[in-house]
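Student: Protein sequence lines, in the order shown, are assigned to chains W, D and E. So the first sequence is numbered by my numbering: it starts at 1 and just counts up by one. So the second sequence is numbered by my numbering: it starts at 1001 and just counts up by one. So the third sequence is numbered by my numbering: it starts at 2001 and just counts up by one.
In case anyone wonders, no lab produced these hints; they're calculated from the structure. One thing to keep in mind: the hints can contain errors.
Unchecked claim - Taking lysine-lysine and the DSS-like style, the derived pairs with C-alpha atoms no more than 25 Å apart in a straight line are:
hint	chain 1	residue 1	chain 2	residue 2
1	W	345	E	2114
2	W	173	E	2180
3	E	2003	W	117
4	W	399	W	233
5	E	2180	E	2191
6	W	345	E	2180
Only a predicted model underlies this, so the values are computations on that prediction, with no experimental measurement involved.
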Amino acid sequence: MATHLDTALDPLVQAAAAAAPAKPEKHTVMMPIGVPGYTLRTEAREVPVSEPPVLAVNSELEFIGKPTERWDAHYKVSGQAKYTADIQLPGMLYGRFLNASVPHAKVLSVDVSAAEKYPGVKSVLVIERVLGNAELRDPKLETPSRYPIVRYAGQPIAAVAATSAHIADEAVKLIMVTYEEMPFVTDQLSARKTDSPQVYPGAADQAGSAGGGGGPHGVPQTGNVHGPSINKKGGDIEQGFKDADVIVEGRYVTQVQTHSALETHGVVADWKPGMLTVWASTQGTGSVREEFAQYFKLPKTQVRVITEYMGGGFGAKFGAGNPGVVAAQLSQKAGAPVRLMLDRKEEHLSVGNRPDADQIIRIGAKKDGTLTAIQLESFGTAGCGTGAGCAGPATNMYKYAALHTAENDVFTNGGPAAAFRAPGHPQGAFALEQAIDELAIKLAIEPLDLRDRIDENSVRRVERQVVRESALWKSRNPVAGADSGPVKRGVGMAQSVWYRFISMNSSAEVLVHRDGSLEVRSAVQDLGTGIKTVLAQILAEEYGVPPAKIAVRIGDTNYPVGPDSGGSVTTASLTPAVRDAAWQAKKKFLAEIAPAYGTTADDLQIVKGEVRSKSGKMQPVSFQRAAGKMKVDSVSAQARRIPDYDRSKYETYGGVSVVEVNVDTETGRILIPRVLAVHDCGRPMNPTQVISQINGGTIQGISYTLYEQRHLDPNTGLMVNPNLEQYKIAGSRDIPELQVHLVESYIGQSSTDASGIGEAAGIVAVGAAIGNAFFNATGYRMRRMPMVPSEVLAALGKVPQGGLKA
Amino acid sequence: MSETATKIIPCQCLRTKNPYGTTPASYEDWHPTMHTTSTYWCINTMSFAGPDDHFAHLSRCVQGRACYQAPEE
Amino acid sequence: MNKFIFSDCTSVDAALSQMTGEAVVKAGGVDVLDRMKNGVIEPAKLVNITNIPSLRGIHETETGVRLGALVTLAELGDHPLLQSQYTVLADAAGHAATPQIRNAATLGGNLMQKVHCWYYRSADFACLRKGHDMCFAYDGLNQYHAIFDTNVCPSVAPSSTAVALSALNASVELTSAKGKRLVPVREFYIKPDDKHPTMETVIAPDELLTAVLIPKPAAGTRSAYQKYGEKSSYDWAIADAGVVLEMQGDVCRKAAIVLGAASPTPRLAVDAAALLVGKPITEETARAAGLAAMQGATPLSMNGYKVQLFPVAIYRTILLAAGKMDRDPSAAG
């Protein structure tokens, strides 16, 4: 059973545990558990003896858990930080794609002769099918051709590398493509119809089934609908609804959102004999190296990936990608490094998006609020890809007697989706959390109280208590639509949920140098969340040196492997390895200098930046002076992530978002003056950066809920707003006063006991919280995104009121 | 999904983005957590479609597909 | 972006002499560069006029005010005289786009900018307004398009300063080698017609927009402009209104109401304005004017909501102009 929350089955954790050399010796330690001020206590954990001492709660620490300035802030604001687009290499060429101008077609020919002759062009590449040994045996399959079928407008077809960006732009226009156009469909509702154009040939013609009956998961397919993927939990769903005293049901529709990170996808590829070096804007240096090595059949020793700085990814930047391998091929052909950065239009079209969703959710409950049944049917389009499921929140947020979810992917001629900050969850929570709000109203139970009855998570309970005591929640009028004027105020709340995932692919090296300088190395990349700062804080805590003085070297596969930054894993996965390495390096260091002070390592400790003897054999000396006693230039230790201490514990991250809205019922505008976000992320390693992430997630959630939408023209299949002007993202005036309340939560799982925040932060809950606040303000429910004036007026216009009837 | 009893041996060219980042086929126990939200691609084409022009997905990139490549031992 | 000749001019005469063939005049560059980057235009030559000193400055004259074509939107928005006596213009300029754009964008450029229909602005669509034979908005995505004069090209008037200047009955000064002429803003813009769908203004190829002249307002004049978008920051209007009222005590003696995002050119709502004349400005009269302005509207498939939205924009802006309501928090900028 593959539930949405099944860390016990995590293959990486298991594989790593199995591969561990010998069963490490363990001892019992007492660890802080729970929320300070509410539920803090200690619990016993079986821990390998090689682990460092238990880390105290934040209030007792000097650097970890303290608001700390971003380690590289001054590099970023002063322009010294070098992003991929800033890399300049001698003789470097500029790459540019030619992309499909139609949404669905066979490519009959690609003529690059004029482009090849254009002065300054050094290499031209046409993307061709790579069938290898495979034979297309089924005659019903689409006619084989040299070129891949075009399935969305913007699909890359060819590329050039030239001596300037301008020449590349001009040359790419000279490539002549002839298409045999095919019927297309761009919207999900039309694609579901039986007479819709087919994005892929019918199920009977599927290559996968040609050799004997689909895959083990056996997801059915009818027309463009790939699904349903069905998940059942608990008892019988029909019985659940029979047992219900109250049933709520609603249809919720959300739109396609594009990632729109500030930095677009791109690489600089430098192919030299014996070494392919790639500067990549990526969330996973390891994943990029793995794919380059695999694609080009190179040993990993001959691929180096560097990501010193990157400007956001939100889930869409993993692996080598089309831009990566194309740049490398152009570089190989031209014998020169090639920089290939996508432009904003390409970024919108071809490298990912959050699928839309059309969900019908039905919830049954007893009079006391007990949930008897949750049923969800969802359809979503990930364009010509898959991954539009959204049942996570319905499955994992609350306890229920019976659950039945049916998720469907609908193929359309749009760019493929990519993972996007809490995949499926903002969509799913938009439906679930508004339905729960509706249920609370029907049951006449306060929304926070109802959740206290159906949510077993102890941290969320604390968070609801914080909300209950907040001025914002106290200012809420429980009577919906109570204001008399055209502008109506409302307050609403919703919860988010995300899960504890750990990447065992996490390791680091810590070095102590004779001049007293300290260094940490890991291949991990900083997605923008600030992992560099956190690594510096960990060393600072062990050695009593300020974080700004620690050298943090990351984003290079020459260093020990680091986790990919997806699933909110980075801090939870890597920091224990770093602390372990720091602690082990410290032990080596103390052993190295102990003879000089006539003592042993066991007698020495580092306290507040000083080396001290427990037995008083020496006067305290500064760490730096003591380092001068080293007989080698540096000592170092490398450590890898060990599995969580107690994996029987079932952990989720999340929070409660409270939104205040002013709904202008005449103009249909929703203004948001204030948001209160009460969140947990285990031990906050650096509250400044945790708050930044919650701010960012909340803003991104507001932007998604109120403004953002990819518009595909139904008649041509082209995106009409592939920019950041008509693709609308929240600007400074659209951002409310944000108040973040962090709830520290200790779970006793690792040497840092850190958790993750990126995906739980805001974006999951904000849409539903706005919807619930809208209902509180107006008495109407807003079941569609984005909540632009036309949609708001339509929702309000269903009932004659104030001359707004459409 | 509730029925995953059959052992999955997906094509070695299939990749997915799941909460760990990406999963290469070399991991023995190919368990794509939250697979209804996982996106898939083929490393042969670096795209959502395989070399045979059909979509890449755990339920499709299995033995019997024309372009299937068994993981190396 | 194509290669082009950059002709930097320091005098009007020099600029006029450079305006030959496929030359395009560039002031702040906001609109021209946007279209070049999108591949919508590929001019062989840009005539840069930003370094012409005589086109700068806000000058109070005996008959009103003279604004150089190179006055920036930020200067218009911040100017005390304009804020107090030509409020509608200061409002329109001061709430356009973003602070960064307002610092670069000029009045002349703002008046001369092309429509912002997303089909027009993309090189992917060979549309009627660009000289081809088809409008994609009619059967396509037209939620931001016009609800009046929709018969040829339903894109909407993009310039908020044009709305304000139309309400103030200002004129533009057009200069050519042959001399100067004044054209009322109300006659400057051309509704797209089947014969000349690409023509947006009456300016001739050899003419340069050099100044804007606004007549001195009569005593008791009050004015305001508000626009409504989907966002509060950096968004195009989905509804807007420029209102100029000439008040005598409590009674309105004269009124002008102009709408921007309703039709391809700034739309003078004559009937709506007439409803205010001779009456005190109250919420009731203001709302009646707002509704009257929608008579004859022909919304498209996706923009019926604008017929609901414009009367609100109009009544609230009338009340703002009359001093009976604060600036609307729902308005953008």
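Student: Now, for every hint given, state plainly whether the structure supports it.
Tutor: Here's how the hints hold up against the structure:
1. Restraint check for residue 345/W and residue 2114/E: the C-alpha separation of about 21 Å stays at or below 25 Å, so the hint holds.
2. Between residue 173/W and residue 2180/E the CA atoms are separated by roughly 42 Å; this puts the pair beyond 25 Å, and the hint is violated.
3. Using a Cα cut-off of 25 Å, the hinted pair residue 2003/E and residue 117/W holds, with the two alpha carbons roughly 19 Å apart.
4. About 11 Å separates the Cα atoms of residue 399/W and residue 233/W, which keeps this hinted pair within 25 Å; it holds.
5. The hinted pair formed by residue 2180/E and residue 2191/E meets the criterion: a straight-line CA distance of about 24 Å does not exceed 25 Å.
6. Taking the CA atoms of residue 345/W and residue 2180/E, the gap is about 43 Å. The hint is violated against a cut of 25 Å.
Figure legend: structure checked against the earlier numbered hints; hints not met, in rising order: 2 and 6.
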